[in-house]
Amino acid sequence: MLLGETGVYLLMAVVSLISTLAVYMAVRERDLVKAVIYSALQSGLYTTLYFLLLAPDIGLVYIPVAVGLIPGVLLILISKTERWERE
Amino acid sequence: MTSLEIINTYLLSVVLASLLANFVISLYAVFFKPHYIKKVIALTIFGDTANTFAIFIGYRRWVGQNPSRIPVLTYLNPEAVEEFARLAVDPLPQALVLTAIVIGLAVILFLVFLGWILYSHYKTLDMREIRRLRG
Amino acid sequence: MRVVEVVVLVVLVLTLGLLITVGFEYIMPSSVVRPLAEFYLYATYNPYKLNEYTAMSPEAVTAIVWDFRGLDTLFETSVFYLALIAGLALTRRLLSEHAEKPGYGLSLIVKTVTRITAPMIIVVGASIALHGHLTPGGGFQGGSVIAVLPMVIIVVFSASFLIMKGLTTSKMIVVRSLGLFGIGLTAITLLLVSLVQGTHAYVFQNMIKPDAQVSMPVDIAGALISGTLWFFNLFEMFAVAAGFSIAFIVLMLARTLQTEER
Chain U
1 MLLGETGVYL LMAVVSLIST LAVYMAVRER DLVKAVIYSA LQSGLYTTLY FLLLAPDIGL
61 VYIPVAVGLI PGVLLILISK TERWERE
Chain S
1001 MTSLEIINTY LLSVVLASLL ANFVISLYAV FFKPHYIKKV IALTIFGDTA NTFAIFIGYR
1061 RWVGQNPSRI PVLTYLNPEA VEEFARLAVD PLPQALVLTA IVIGLAVILF LVFLGWILYS
1121 HYKTLDMREI RRLRG
Chain C
2001 MRVVEVVVLV VLVLTLGLLI TVGFEYIMPS SVVRPLAEFY LYATYNPYKL NEYTAMSPEA
2061 VTAIVWDFRG LDTLFETSVF YLALIAGLAL TRRLLSEHAE KPGYGLSLIV KTVTRITAPM
2121 IIVVGASIAL HGHLTPGGGF QGGSVIAVLP MVIIVVFSAS FLIMKGLTTS KMIVVRSLGL
2181 FGIGLTAITL LLVSLVQGTH AYVFQNMIKP DAQVSMPVDI AGALISGTLW FFNLFEMFAV
2241 AAGFSIAFIV LMLARTLQTE ER
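Protein chains in written order, with the working numbering: chain U, 1 to 87; chain S, 1001 to 1135; chain C, 2001 to 2262.
In short, the hints are calculated from the structure, not lab data. Careful: at least some of the hints might be erroneous.
[To be verified] Calculated pairs, EDC-like style, for lysine to aspartate or glutamate (alpha carbon to alpha carbon, straight line, at most 16 Å):
1. U:K80 with S:E1079
2. U:K34 with U:E82
3. S:K1033 with U:E29
4. U:K34 with U:E85
5. S:K1039 with U:E82
6. S:K1123 with U:E85
7. S:K1039 with S:D1126
8. S:K1033 with S:E1129
9. C:K2049 with C:E2038
10. S:K1039 with U:E29
11. S:K1039 with U:E87
12. S:K1033 with U:E87
13. S:K1033 with S:D1126
14. S:K1033 with U:E5
15. S:K1033 with C:E2005
16. S:K1039 with U:D31
17. C:K2209 with C:E2038
18. S:K1033 with U:D31
19. S:K1039 with U:E85
20. S:K1123 with U:E82
21. C:K2049 with S:E1082
22. C:K2049 with S:E1129
23. C:K2049 with S:E1079
Using the sequences and the hints, build the whole thing.
Written out as structure tokens, the structure reads:
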């Protein structure tokens, strides 16, 4: 059974590899709404990493701030300005 | 080192390497992507990766077969305090990262206000256009 | 990609590789923590052996944030306040705060569900904030959870609905100022008590110290409140929730500048 120390570290490694993929997708995306959604997905994965690294205080701050408030504010700004990034 | 220790150190090095890859990709995007909002998104990712790095340094590996614990005391007697100090992770980076998240949030809020003012002056948010139109 | 971009990427990767090689044994976590962290873990709730250095709160992170390193939190609160004032000062001329007739928004199903979950959000946020000295949580965590509510109402109903219900920018500024005033008053409470009594005390003091023998009450009728920590969490919750509401309302209601320059 992979419970125990190695299981926790394996889960941490998988979560951080998926977060690198999400950061790469957020940077190369031209549609800014999709880039904000990818950034929110990366923040959700970072929250899982904080709980695995035994820091629940930081996880409780990070969920409303980086998944709710920051994408909300950025989406309000996008709706008032432009949506597509030109080449 | 036994093989189990090698596997554990390898998995923690994978976490470290992916955090550093996030650093490099977001810093590249802050420099070289021409749209203002893309720069703000990449700056958010950069700040959060720095905070995760600080918490990763403050972790404690398992002592023998006992798992590490969060820095919250659950039983209030002297023996529990002794065991708590032997097994819990470092609470100081968590307190400093709490402050750092709030300050990063304040900077991002101010940058969003600034972006709105920039758009109402120049009617575009492409930094190359703004550099051409300046003045 | 141009040559400059490739060169910058390669330089960044090589620098980080060098940093890992030089500092590997300091970065990788091990089974022992630093002596400073061991002192904080010993002293966070220890009326048995360390009676003159303890913070009497079972939660180590809240004790560090508001008692052992309280001055850091004071300056962090003022930095947040400055950023909010700067944003408000930039868009002061552009604010149009009259209440239009709210006739739009999302559909009826979403509005009904929002009406049901709005009190739940407030209760969960207040519970996280007020139990901050016993479980993971605290003032800033609870305040952020409550601050999600104005954003949801702005998206589902409309910003004019929020103003029509009485949640204007001026009232939120008053609430935020009262929260910050409460934090400042709690920080100098023991100093004022010691000036009246004629003994010696510090600013931001919570429990007794070796040369200052005044202390806040540890519990009220058997329930642990850890002195100033409960009051700090309460006032910080109000201040943070009001501050975020101001930012959302101002950003949503700013209209464009008329063509009056250049």
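Going through the hints against the structure:
Straight-line distance between C-alpha atoms of K80 (chain U) and E1079 (chain S) comes to about 59 Å, which puts the hinted pair past the 16 Å bound. Proximity of K34 (chain U) to E82 (chain U) is assessed by CA-CA distance (about 14 Å); at most 16 Å being required, the pair is judged to hold. Restraint check: the Cα-Cα separation between K1033 (chain S) and E29 (chain U) comes to about 11 Å, which is no more than 16 Å; the hinted pair holds. For the suggested pair K34 (chain U) and E85 (chain U), the alpha carbons sit about 12 Å apart, so the restraint of at most 16 Å is met.
Taking the CA atoms of K1039 (chain S) and E82 (chain U), the gap is near 14 Å; set against the 16 Å cutoff, the hint holds. Distance restraint check for K1123 (chain S) and E85 (chain U): the Cα-Cα separation of roughly 14 Å lies within the 16 Å cut-off, and the hinted pair is therefore satisfied. Distance hint between K1039 (chain S) and D1126 (chain S) is fulfilled; the C-alpha atoms sit about 11 Å from each other, no more than 16 Å. This hinted pair checks out: K1033 (chain S) and E1129 (chain S) have alpha carbons roughly 13 Å apart, not beyond 16 Å.
Restraint check for K2049 (chain C) and E2038 (chain C): satisfied, since their Cα atoms lie roughly 15 Å apart, inside the 16 Å limit. A distance of roughly 13 Å separates the Cα atoms of K1039 (chain S) and E29 (chain U); the hinted pair therefore holds under the 16 Å criterion. Proximity of K1039 (chain S) to E87 (chain U) is assessed by CA-CA distance (about 15 Å); at most 16 Å being required, the pair is judged to hold. Taking the CA atoms of K1033 (chain S) and E87 (chain U), the gap is about 9 Å. The hint holds against a cut of 16 Å.
A distance of roughly 9 Å separates the Cα atoms of K1033 (chain S) and D1126 (chain S); the hinted pair therefore holds under the 16 Å criterion. As the CA atoms of K1033 (chain S) and E5 (chain U) are separated by approximately 41 Å, the hinted pair breaks the 16 Å bound. Pair hint K1033 (chain S) plus E2005 (chain C) holds up; C-alpha atoms about 11 Å apart against a cutoff of 16 Å. Between K1039 (chain S) and D31 (chain U), the direct Cα distance comes to roughly 14 Å. Compliance with the 16 Å bound is thereby established for this hinted pair.
Taken as a hint, the K2209 (chain C) and E2038 (chain C) pair is broken in the structure, with Cα atoms around 19 Å apart against an allowance of 16 Å. Taking the CA atoms of K1033 (chain S) and D31 (chain U), the gap is near 13 Å; set against the 16 Å cutoff, the hint holds. Annotation: proposed proximity of K1039 (chain S) to E85 (chain U) holds, straight-line Cα distance about 11 Å (limit 16 Å). Simply put, K1123 (chain S) and E82 (chain U) have alpha-carbon atoms about 9 Å apart, close enough for the 16 Å limit, and the pair holds.
At roughly 11 Å between alpha-carbon atoms, K2049 (chain C) and E1082 (chain S) fall within 16 Å of each other, so this suggested pair holds. For the hint pairing K2049 (chain C) with E1129 (chain S), the CA-to-CA distance comes to about 66 Å; that exceeds 16 Å, so the pair is violated. Annotation: proposed proximity of K2049 (chain C) to E1079 (chain S) holds, straight-line Cα distance about 12 Å (limit 16 Å).
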